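K.L.:
With these hints in hand, go ahead and build the complete structure from the sequences.
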Amino acid sequence: MTRILAYRFSAFGDVAMTVPVFREFLEQNPDVEIIMVSRKNFGSLFAGVPNVIFKGINLDEYKGFFGLRKLANELINEFHPDLVANLHDVIRTKILDKIYRRKGLKVFKINKGKEEKEQLTDIWNLNKKQLRRTVERYADVFREMGFKVELSHQLRPAAIHKSGIGFAPFAQHRGKMLPLEKSYELARVLSQKNTVYFFGGGEKETEVLQRWEQEIPNTFSLAGKLNLTEELNKIAQLELMISMDSANMHLASLVGTRCVSVWGQTHPYAGFLGFGQSENDIVQVKDLTCRPCSVFGDRECFRGDWACLEELNIQKIVEKV
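Following numbering that gives the first Met the number 0, the numbering of the sequence shown begins with 0 at its first residue and continues without gaps.
Since the hints were derived computationally from the structure, they do not count as laboratory data.
It is possible that some hints are incorrect.
[Claimed, not checked] Calculated pairs, DSS-like style, for lysine-lysine (alpha carbon to alpha carbon, straight line, at most 27 Å):
{"no.": "1", "residue 1": "128", "residue 2": "39"}
{"no.": "2", "residue 1": "105", "residue 2": "39"}
{"no.": "3", "residue 1": "181", "residue 2": "54"}
{"no.": "4", "residue 1": "233", "residue 2": "203"}
{"no.": "5", "residue 1": "161", "residue 2": "69"}
{"no.": "6", "residue 1": "113", "residue 2": "319"}
{"no.": "7", "residue 1": "102", "residue 2": "128"}
{"no.": "8", "residue 1": "54", "residue 2": "161"}
[Said to hold, decoys possible] Label pairs and their computed distance ranges (CB to CB):
{"no.": "9", "residue 1": "284", "residue 2": "56", "range": "36 to 44 Å"}
{"no.": "10", "residue 1": "110", "residue 2": "288", "range": "40 to 48 Å"}
{"no.": "11", "residue 1": "191", "residue 2": "73", "range": "42 to 50 Å"}
Just so it is clear, the structure is predicted and the values come from calculations on it, not from any experiment.
Ideal Cβ positions, reconstructed from N, Cα and C, are used throughout, including at glycine.
P.N.:
This is the structure we're talking about:
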């Protein structure tokens with residue numbers, strides 16, 4: 000049994016994207032085991048994936064070089080890995096890589112395509128094209144180790160009986176999020192023919208969604224009511240999820256639920272479309288040459304009018320549904 004120590008500490012959506020890759024890689028290589036090191040609260044993402052051992056840590060306990068050295072030693076002593084997969088490639092993981100190389104371990108790391116992504120998000124670049132998908136970049140790390148991996152890019156529904164529509168109107172950054180009045184109107188239109196379940200987290204989002212639940216018939220807010228396992232179970236039972244380019248799209252992929260995804264400043268070209276999700280289910284304003292201007296949706300609008308989101312007609316989303 001070959002044991003691979005893999006790490007990726009954030010962001011939530013990026014960690015979720017490793018799951019379908021692990022699943023298919025391990026099915027094709029049954030004599031491999033992955034120790035996945037990430038934040039404690041991400042553990043439920045990996046539940047039920049055979050041959051994955053999840054090691055949840057609290058990063059505050061491993062600050063600075065000496066903290067990371069302590070973490071590296073703890074992981075080696077506990078798991079005795081054969082190979083190391085750095086699926087994050089940030090300063091923290093670069094330090095871990097160095098420590099492991101000094102200990103004689105072979106380390107393989109993701110190529111995030113930083114320069115390609117900078118070129119893609121250059122608003123003056125008019126020749127924008129699809130970059131390698133993130134899930135393939137994860138698989139490339141295992142390929143570099145010498146393993147064969149063929150990703151199916153197919154959804155695997157986790158539930159047989161599906162009903163209702165999930166709607167996650169929030170995202171971490173403004174550049175990824177429909178204006179709330181548009182989302183409210185969308186919920187109102189959809190709820191006339193469907194039961195709509197709202198997803199969100201945090202105090203502010205929960206307040207907003209509770210208010211929507213009271214004002215729009217046939218809607219239910221699940222914000223703040225479910226833990227991650229329960230949320231995944233609920234998404235698995237939905238006929239459809241509607242999400243911004245956010246973690247909810249990747250949660251839908253994880254449980255095999257189709258997702259209509261809405262893109263503003265960001266673009267599927269950067270490689271972050273959910274695993275197995277169809278390009279036909281993408282909603283975006285197509286004729287803006289400045290898109291995408293950001294990989295993460297965290298920039299101020301260059302034009303100042305947020306046209307990529309303000310000009311998006313919710314009818315487009317209704318049609319997809």
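K.L.:
All hints are to be evaluated individually against the structure, with a verdict given for each.
P.N.:
Each hint, compared with the structure:
no. : hint                  : result
1   : 128 x 39              : 36 Å, violated
2   : 105 x 39              : 26 Å, holds
3   : 181 x 54              : 40 Å, violated
4   : 233 x 203             : 22 Å, holds
5   : 161 x 69              : 46 Å, violated
6   : 113 x 319             : 32 Å, violated
7   : 102 x 128             : 41 Å, violated
8   : 54 x 161              : 32 Å, violated
9   : 284 x 56: 36 to 44 Å  : 40 Å, holds
10  : 110 x 288: 40 to 48 Å : 28 Å, violated
11  : 191 x 73: 42 to 50 Å  : 55 Å, violated
Figure legend: structure checked against the earlier numbered hints; hints not met, in rising order: 1, 3, 5, 6, 7, 8, 10, 11.
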